[in-house]
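Using the sequences and the hints given, assemble the complete structure.
Numbers in our numbering are just positions in the sequence shown, counted from 1, shifted up by 18.
Derived from the structure by calculation, the hints contain no laboratory data. Hints may contain errors.
As the list claims (entries may be wrong) - Calculated cross-link-like contacts (lysine-lysine; reagent style DSS-like; alpha-carbon spacing at most 30 Å):
hint, residue 1, residue 2
1, Lys58, Lys90
2, Lys223, Lys163
3, Lys58, Lys165
4, Lys223, Lys250
5, Lys226, Lys250
6, Lys226, Lys254
7, Lys163, Lys151
8, Lys193, Lys163
9, Lys58, Lys42
10, Lys163, Lys90
11, Lys229, Lys254
12, Lys58, Lys226
13, Lys223, Lys271
14, Lys250, Lys229
15, Lys193, Lys90
16, Lys254, Lys193
17, Lys276, Lys250
18, Lys165, Lys250
19, Lys165, Lys151
20, Lys58, Lys151
21, Lys193, Lys165
22, Lys226, Lys193
23, Lys271, Lys254
24, Lys250, Lys193
25, Lys193, Lys276
26, Lys151, Lys42
27, Lys165, Lys90
28, Lys163, Lys250
29, Lys276, Lys254
Note that the structure is predicted; figures quoted are calculated from it, not measured.
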Amino acid sequence: MADLRAQLINYLGCGHEITRYGNKVIRDTLNFECDSVRVKIVQREDVITNPHSIPFGQLIVTSSAIISNVRKEDVTSMLDILDRICWLLSFAGLSMVGRVGYEYPDGSGLGSSHAAIGEANFFRPTIDIADGKDVVGFINDCYEKYKLLESCRNLRVVIHYLVEAERRRQPLELKLIIAFTILESLKDTFARTEGIPYVNGFFRKVPKPTKGRDSFSFGELLSMMFTRSGMKTELKQVTALRNEIIHSGISRKSYSWKSEMYDYIHDLIREYLLRLLGYRGNYLTYSSGSNERRRL
19 MADLRAQLIN YLGCGHEITR YGNKVIRDTL NFECDSVRVK IVQREDVITN PHSIPFGQLI
79 VTSSAIISNV RKEDVTSMLD ILDRICWLLS FAGLSMVGRV GYEYPDGSGL GSSHAAIGEA
139 NFFRPTIDIA DGKDVVGFIN DCYEKYKLLE SCRNLRVVIH YLVEAERRRQ PLELKLIIAF
199 TILESLKDTF ARTEGIPYVN GFFRKVPKPT KGRDSFSFGE LLSMMFTRSG MKTELKQVTA
259 LRNEIIHSGI SRKSYSWKSE MYDYIHDLIR EYLLRLLGYR GNYLTYSSGS NERRRL
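What follows is the structure, encoded as C-alpha coordinates:
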(Lines of atoms letter the chains of each structure in order from A and count residues from 1; the text may use other names and numbers.)
(Lines give C-alpha, C1' and ligand atoms only; values in the text may rest on other atoms or scores of the structure.)
Protein backbone atom coordinates (compact mmCIF):
# COMPACT_ATOMS: atom_id res chain seq x y z
CA MET A 1 0.00 0.00 0.00
CA ALA A 2 1.09 3.58 -0.65
CA ASP A 3 -0.16 7.15 -0.40
CA LEU A 4 -2.20 8.75 -3.18
CA ARG A 5 -1.74 12.47 -3.84
CA ALA A 6 -3.94 14.58 -6.13
CA GLN A 7 -3.73 18.22 -7.21
CA LEU A 8 -6.91 20.29 -6.86
CA ILE A 9 -7.86 23.56 -8.48
CA ASN A 10 -9.83 26.65 -7.45
CA TYR A 11 -10.57 25.96 -3.78
CA LEU A 12 -10.00 29.22 -1.90
CA GLY A 13 -10.91 28.24 1.66
CA CYS A 14 -8.90 27.94 4.85
CA GLY A 15 -8.18 24.86 6.91
CA HIS A 16 -9.28 23.86 10.38
CA GLU A 17 -5.97 22.36 11.51
CA ILE A 18 -2.64 24.14 11.87
CA THR A 19 0.65 23.29 10.16
CA ARG A 20 3.94 24.74 11.39
CA TYR A 21 6.40 26.04 8.79
CA GLY A 22 9.54 27.10 10.67
CA ASN A 23 8.45 30.05 12.79
CA LYS A 24 5.08 30.33 11.04
CA VAL A 25 1.85 28.49 11.72
CA ILE A 26 -0.84 28.33 9.06
CA ARG A 27 -4.37 26.98 9.32
CA ASP A 28 -4.14 25.15 6.01
CA THR A 29 -5.37 21.58 6.52
CA LEU A 30 -8.82 19.99 6.20
CA ASN A 31 -9.50 16.40 7.24
CA PHE A 32 -12.62 14.55 6.12
CA GLU A 33 -13.87 11.02 6.54
CA CYS A 34 -15.90 9.81 3.55
CA ASP A 35 -16.80 6.19 2.79
CA SER A 36 -14.72 5.30 5.88
CA VAL A 37 -11.68 6.82 4.12
CA ARG A 38 -9.66 9.66 5.67
CA VAL A 39 -8.95 12.42 3.17
CA LYS A 40 -6.54 15.26 3.93
CA ILE A 41 -6.55 18.47 1.88
CA VAL A 42 -3.69 20.92 2.32
CA GLN A 43 -3.99 24.44 0.93
CA ARG A 44 -1.20 26.22 -0.89
CA GLU A 45 0.47 28.62 1.53
CA ASP A 46 -0.28 31.83 -0.38
CA VAL A 47 -3.98 30.93 -0.67
CA ILE A 48 -4.12 31.34 3.11
CA THR A 49 -1.51 34.03 3.76
CA ASN A 50 -1.97 36.27 0.72
CA PRO A 51 -5.44 35.70 -0.78
CA HIS A 52 -5.38 39.09 -2.55
CA SER A 53 -2.64 37.73 -4.83
CA ILE A 54 -4.96 35.04 -6.22
CA PRO A 55 -5.81 35.78 -9.89
CA PHE A 56 -9.59 35.45 -9.85
CA GLY A 57 -11.13 34.40 -13.14
CA GLN A 58 -8.31 31.98 -13.91
CA LEU A 59 -7.72 28.29 -13.27
CA ILE A 60 -5.18 27.87 -10.47
CA VAL A 61 -3.84 24.90 -8.53
CA THR A 62 -4.67 25.64 -4.90
CA SER A 63 -4.56 22.40 -2.96
CA SER A 64 -3.16 18.91 -2.52
CA ALA A 65 -5.34 15.99 -1.45
CA ILE A 66 -3.72 13.00 0.24
CA ILE A 67 -5.18 9.59 1.02
CA SER A 68 -2.85 7.26 2.93
CA ASN A 69 -2.40 3.50 2.64
CA VAL A 70 -4.18 2.95 -0.67
CA ARG A 71 -3.99 -0.38 -2.51
CA LYS A 72 -3.28 -0.19 -6.23
CA GLU A 73 -6.63 -1.78 -7.09
CA ASP A 74 -8.43 0.90 -5.01
CA VAL A 75 -6.94 3.97 -6.73
CA THR A 76 -9.97 4.50 -9.00
CA SER A 77 -12.47 4.32 -6.14
CA MET A 78 -10.33 6.74 -4.09
CA LEU A 79 -10.33 9.21 -6.99
CA ASP A 80 -14.12 8.89 -7.16
CA ILE A 81 -14.29 9.92 -3.49
CA LEU A 82 -12.07 12.93 -4.20
CA ASP A 83 -14.23 13.95 -7.15
CA ARG A 84 -17.39 13.92 -5.00
CA ILE A 85 -15.65 16.04 -2.38
CA CYS A 86 -14.61 18.47 -5.14
CA TRP A 87 -18.22 18.87 -6.28
CA LEU A 88 -19.33 19.58 -2.72
CA LEU A 89 -16.51 22.10 -2.27
CA SER A 90 -17.60 23.75 -5.53
CA PHE A 91 -21.07 24.24 -4.04
CA ALA A 92 -19.61 25.42 -0.72
CA GLY A 93 -17.41 28.11 -2.27
CA LEU A 94 -19.17 28.75 -5.62
CA SER A 95 -15.81 28.21 -7.31
CA MET A 96 -15.28 25.27 -9.69
CA VAL A 97 -13.09 22.90 -7.68
CA GLY A 98 -11.68 19.93 -9.56
CA ARG A 99 -8.91 17.36 -9.75
CA VAL A 100 -6.26 17.93 -12.42
CA GLY A 101 -3.92 15.05 -11.73
CA TYR A 102 -2.71 12.46 -9.25
CA GLU A 103 0.45 10.64 -8.28
CA TYR A 104 0.55 7.06 -7.02
CA PRO A 105 2.60 6.12 -5.14
CA ASP A 106 3.11 9.64 -3.82
CA GLY A 107 6.57 10.88 -4.83
CA SER A 108 7.05 8.26 -7.54
CA GLY A 109 6.28 10.50 -10.52
CA LEU A 110 3.75 7.89 -11.67
CA GLY A 111 0.12 8.81 -12.20
CA SER A 112 -1.97 10.89 -14.54
CA SER A 113 -2.81 14.49 -15.37
CA HIS A 114 -5.64 15.91 -17.41
CA ALA A 115 -7.07 19.19 -18.63
CA ALA A 116 -9.76 20.89 -16.58
CA ILE A 117 -12.09 23.84 -16.91
CA GLY A 118 -13.21 26.28 -14.29
CA GLU A 119 -12.19 29.56 -12.73
CA ALA A 120 -11.13 30.47 -9.23
CA ASN A 121 -13.82 32.71 -7.79
CA PHE A 122 -14.80 34.10 -4.41
CA PHE A 123 -18.24 35.68 -4.36
CA ARG A 124 -21.06 35.03 -1.89
CA PRO A 125 -20.07 31.47 -0.90
CA THR A 126 -22.66 29.03 0.44
CA ILE A 127 -20.55 27.99 3.43
CA ASP A 128 -18.08 30.22 5.27
CA ILE A 129 -15.01 28.67 3.64
CA ALA A 130 -12.76 30.86 5.80
CA ASP A 131 -13.96 28.69 8.70
CA GLY A 132 -12.51 25.24 8.14
CA LYS A 133 -14.66 23.78 10.90
CA ASP A 134 -17.83 24.69 9.00
CA VAL A 135 -16.42 23.19 5.79
CA VAL A 136 -15.52 19.91 7.50
CA GLY A 137 -19.00 19.73 9.03
CA PHE A 138 -20.57 20.42 5.64
CA ILE A 139 -18.62 17.66 3.85
CA ASN A 140 -19.10 15.12 6.63
CA ASP A 141 -22.85 15.87 6.80
CA CYS A 142 -23.50 15.85 3.06
CA TYR A 143 -21.15 13.34 1.45
CA GLU A 144 -23.29 10.21 1.84
CA LYS A 145 -26.48 11.90 0.66
CA TYR A 146 -24.63 13.50 -2.24
CA LYS A 147 -23.27 10.11 -3.30
CA LEU A 148 -26.78 8.64 -3.15
CA LEU A 149 -28.45 11.46 -5.11
CA GLU A 150 -25.63 12.55 -7.43
CA SER A 151 -27.00 10.72 -10.46
CA CYS A 152 -30.77 10.61 -9.92
CA ARG A 153 -30.96 14.34 -9.07
CA ASN A 154 -28.33 15.50 -11.63
CA LEU A 155 -26.38 17.18 -8.84
CA ARG A 156 -23.17 17.67 -10.83
CA VAL A 157 -25.08 19.62 -13.46
CA VAL A 158 -26.95 21.65 -10.83
CA ILE A 159 -23.76 22.62 -8.99
CA HIS A 160 -21.90 23.36 -12.23
CA TYR A 161 -24.68 25.67 -13.42
CA LEU A 162 -24.90 27.37 -10.02
CA VAL A 163 -21.18 28.14 -10.20
CA GLU A 164 -21.41 29.23 -13.86
CA ALA A 165 -24.14 31.73 -13.00
CA GLU A 166 -21.66 33.48 -10.68
CA ARG A 167 -18.92 33.97 -13.25
CA ARG A 168 -17.71 37.54 -13.46
CA ARG A 169 -19.42 39.91 -15.88
CA GLN A 170 -22.27 37.48 -16.47
CA PRO A 171 -25.33 39.41 -17.78
CA LEU A 172 -28.21 39.35 -15.31
CA GLU A 173 -30.65 37.85 -17.82
CA LEU A 174 -28.25 34.95 -18.40
CA LYS A 175 -27.88 34.44 -14.65
CA LEU A 176 -31.66 34.25 -14.38
CA ILE A 177 -31.90 31.83 -17.32
CA ILE A 178 -29.31 29.58 -15.66
CA ALA A 179 -31.20 29.77 -12.37
CA PHE A 180 -34.47 28.81 -14.08
CA THR A 181 -32.70 25.93 -15.84
CA ILE A 182 -31.53 24.70 -12.42
CA LEU A 183 -35.10 24.91 -11.10
CA GLU A 184 -36.37 23.03 -14.16
CA SER A 185 -33.79 20.28 -13.61
CA LEU A 186 -34.53 19.97 -9.90
CA LYS A 187 -38.27 19.95 -10.60
CA ASP A 188 -37.89 17.27 -13.29
CA THR A 189 -35.71 14.94 -11.22
CA PHE A 190 -37.95 15.46 -8.17
CA ALA A 191 -41.03 14.43 -10.14
CA ARG A 192 -39.28 11.38 -11.58
CA THR A 193 -37.98 10.21 -8.21
CA GLU A 194 -41.50 10.65 -6.82
CA GLY A 195 -42.82 8.35 -9.56
CA ILE A 196 -45.09 10.98 -11.13
CA PRO A 197 -46.06 9.74 -14.63
CA TYR A 198 -44.50 11.62 -17.55
CA VAL A 199 -46.80 11.34 -20.57
CA ASN A 200 -46.61 13.26 -23.86
CA GLY A 201 -44.26 15.90 -22.49
CA PHE A 202 -46.07 16.55 -19.19
CA PHE A 203 -46.05 15.22 -15.65
CA ARG A 204 -49.59 13.96 -15.09
CA LYS A 205 -51.84 14.08 -12.03
CA VAL A 206 -52.99 10.73 -10.68
CA PRO A 207 -55.85 10.12 -10.36
CA LYS A 208 -56.93 12.33 -13.26
CA PRO A 209 -58.94 15.28 -11.87
CA THR A 210 -62.55 15.63 -12.95
CA LYS A 211 -62.06 19.38 -13.47
CA GLY A 212 -59.13 21.48 -14.60
CA ARG A 213 -55.91 20.43 -16.26
CA ASP A 214 -54.60 16.93 -15.68
CA SER A 215 -50.91 17.94 -15.82
CA PHE A 216 -48.78 19.70 -13.22
CA SER A 217 -47.62 23.23 -13.94
CA PHE A 218 -44.07 24.42 -13.35
CA GLY A 219 -45.19 26.27 -10.22
CA GLU A 220 -47.17 23.34 -8.82
CA LEU A 221 -44.25 20.92 -9.04
CA LEU A 222 -41.82 23.46 -7.60
CA SER A 223 -44.16 24.17 -4.71
CA MET A 224 -44.52 20.45 -4.04
CA MET A 225 -40.74 19.98 -4.17
CA PHE A 226 -39.99 22.79 -1.74
CA THR A 227 -42.80 21.79 0.61
CA ARG A 228 -41.49 18.21 0.80
CA SER A 229 -38.15 19.59 1.98
CA GLY A 230 -39.82 21.69 4.69
CA MET A 231 -39.54 25.07 2.94
CA LYS A 232 -42.26 27.72 2.78
CA THR A 233 -41.93 29.63 -0.47
CA GLU A 234 -43.62 32.34 -2.52
CA LEU A 235 -43.35 31.40 -6.18
CA LYS A 236 -45.87 33.61 -7.99
CA GLN A 237 -43.31 36.24 -9.06
CA VAL A 238 -40.68 33.57 -9.76
CA THR A 239 -43.04 31.78 -12.13
CA ALA A 240 -44.12 35.02 -13.83
CA LEU A 241 -40.52 36.11 -14.43
CA ARG A 242 -39.59 32.65 -15.70
CA ASN A 243 -42.46 32.73 -18.19
CA GLU A 244 -41.58 36.24 -19.37
CA ILE A 245 -37.91 35.41 -19.98
CA ILE A 246 -38.65 32.01 -21.56
CA HIS A 247 -41.12 33.53 -24.03
CA SER A 248 -39.49 36.93 -24.63
CA GLY A 249 -35.80 36.30 -24.07
CA ILE A 250 -35.53 39.35 -21.81
CA SER A 251 -37.59 40.96 -19.07
CA ARG A 252 -38.85 44.52 -19.13
CA LYS A 253 -38.73 44.79 -15.35
CA SER A 254 -36.18 47.13 -13.78
CA TYR A 255 -32.62 45.90 -13.25
CA SER A 256 -32.89 46.31 -9.46
CA TRP A 257 -36.10 44.25 -9.33
CA LYS A 258 -34.58 41.48 -11.45
CA SER A 259 -31.46 41.52 -9.29
CA GLU A 260 -33.55 41.10 -6.14
CA MET A 261 -35.44 38.25 -7.79
CA TYR A 262 -32.20 36.53 -8.75
CA ASP A 263 -30.99 36.82 -5.15
CA TYR A 264 -34.27 35.31 -3.94
CA ILE A 265 -34.12 32.43 -6.44
CA HIS A 266 -30.49 31.68 -5.60
CA ASP A 267 -31.38 31.56 -1.90
CA LEU A 268 -34.21 29.12 -2.68
CA ILE A 269 -31.88 26.84 -4.62
CA ARG A 270 -29.15 27.13 -1.97
CA GLU A 271 -31.41 26.22 0.93
CA TYR A 272 -33.14 23.44 -1.00
CA LEU A 273 -29.85 21.76 -1.91
CA LEU A 274 -28.58 22.00 1.65
CA ARG A 275 -31.80 20.42 2.95
CA LEU A 276 -31.72 17.79 0.20
CA LEU A 277 -28.17 16.84 1.21
CA GLY A 278 -29.08 16.57 4.88
CA TYR A 279 -26.92 19.46 6.06
CA ARG A 280 -27.24 20.49 9.69
CA GLY A 281 -25.17 23.56 10.37
CA ASN A 282 -24.47 27.17 9.49
CA TYR A 283 -24.76 28.52 5.97
CA LEU A 284 -24.68 31.97 4.36
CA THR A 285 -27.53 33.63 2.50
CA TYR A 286 -26.81 34.86 -1.01
CA SER A 287 -29.15 37.86 -0.74
CA SER A 288 -27.13 39.23 2.20
CA GLY A 289 -23.88 39.10 0.23
CA SER A 290 -23.05 36.01 2.32
CA ASN A 291 -22.93 38.22 5.43
CA GLU A 292 -25.94 36.66 7.17
CA ARG A 293 -25.64 33.25 8.80
CA ARG A 294 -28.57 30.90 9.06
CA ARG A 295 -28.70 27.46 10.59
CA LEU A 296 -30.47 24.32 9.43
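If you check each hint against the structure, which ones fail?
Violated: hints 12, 13, 15 and 22.
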